[in-house]
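Chemist: Sequence:
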Amino acid sequence: MRIELLSKLARKRVFTIGEAAKITGLDRNTLKVLLSRLEKRGWVERIEKGKYIIIPLGAEKGEYTLHEFIIGSLLVKPSAIAYWSALNYHGFTEQIPSTVFVQTTARKKKQDIRVFGVRYKIVRIKPEKYFGVEKTWIEEFQVPITDREKTVVDCLDKPRYCGGIIEVAKAFMEELNAETLRGYALRMNNSAVIRRLGYLCDYFGVDIDLPKPKPKTRNYVLLDPTMPREGHVDSKWRVIANVELEGLE
247 MRIELLSKLA RKRVFTIGEA AKITGLDRNT LKVLLSRLEK RGWVERIEKG
297 KYIIIPLGAE KGEYTLHEFI IGSLLVKPSA IAYWSALNYH GFTEQIPSTV
347 FVQTTARKKK QDIRVFGVRY KIVRIKPEKY FGVEKTWIEE FQVPITDREK
397 TVVDCLDKPR YCGGIIEVAK AFMEELNAET LRGYALRMNN SAVIRRLGYL
447 CDYFGVDIDL PKPKPKTRNY VLLDPTMPRE GHVDSKWRVI ANVELEGLE
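Be aware that the sequence shown starts at 247, since it is given in this note's numbering, and climbs by one per residue.
Mixed in with the good hints, there may be bad ones.
List of simulated lysine-lysine pairs, DSS-like, C-alpha gap at most 27 Å [said to hold, decoys possible]:
| id | residue 1 | residue 2 |
| --- | --- | --- |
| 1 | K278 | K297 |
| 2 | K323 | K254 |
| 3 | K375 | K416 |
| 4 | K375 | K286 |
| 5 | K367 | K268 |
| 6 | K354 | K323 |
| 7 | K354 | K381 |
| 8 | K404 | K355 |
Calculated directly from the structure, the hints in this document are not laboratory data.
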């Protein structure tokens, strides 16, 4: 029974109890017992409740794993590797985050998950903010990752998930499509994103056409909401530049 189950699931490499039940015709209770035995023998490893990976022959139990981006994309559907993780993937920052950031529109009971010693942060967003996702091959899997411009816009939307505004500011020294940035920023429907983007584009000399805050706008947004509310006041974009960008040019 164990060998038959493994042979039927081997091609998937990653499977859920539901998929295993459909493939084998076994009921869930029987499968749970069987999978528990397989896990003890080191033939499968549980990623999280109800999700497993097949351990290749010859691999030692506890030593084999999948790429962290693959696992991250399997934790929730739909998903996209995003924020600080995507910044690093696209080469915008040399900082390697200790957490893998996964973006989704779905509800997930646990937002902080640890799998094989790696921490995953699940960030739920509104459905209208889920766009700009491309798929890339990692090992034998197609993994969804936010594209270059969407990564920047996401980080301007939620700087706390990218290590602060300094990390995303580094992206402006690389090649970015200004028109795509503009379109993405407008789709986010968040004036703070547009203002932070406008300020950074001015600072780094990026030519972009963005709507300015209305003259009667009184509130100022922090360039980096993870830092104290003190710094240069930019009246054009109604931004408090509370981080020093010198040295990044």
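Chemist: Compare the structure with each hint and give your call.
Modeler: Hint-by-hint comparison with the structure:
For the suggested pair K278 and K297, the alpha carbons sit about 11 Å apart, so the restraint of at most 27 Å is met. Among the hinted pairs, K323 with K254 is consistent with the structure: their alpha-carbon atoms are about 24 Å apart, no more than 27 Å. Pair hint K375 plus K416 holds up; C-alpha atoms about 23 Å apart against a cutoff of 27 Å. Distance restraint check for K375 and K286: the Cα-Cα separation of roughly 42 Å exceeds the 27 Å cut-off, and the hinted pair is therefore not satisfied.
Taking the CA atoms of K367 and K268, the gap is near 30 Å; set against the 27 Å cutoff, the hint is violated. Restraint check for K354 and K323: the C-alpha separation of about 10 Å stays at or below 27 Å, so the hint holds. Using a Cα cut-off of 27 Å, the hinted pair K354 and K381 holds, with the two alpha carbons roughly 22 Å apart. About 21 Å separates the Cα atoms of K404 and K355, which keeps this hinted pair within 27 Å; it holds.
Checked against the numbered hints given earlier, the structure breaks hints 4, 5 and satisfies all the rest.
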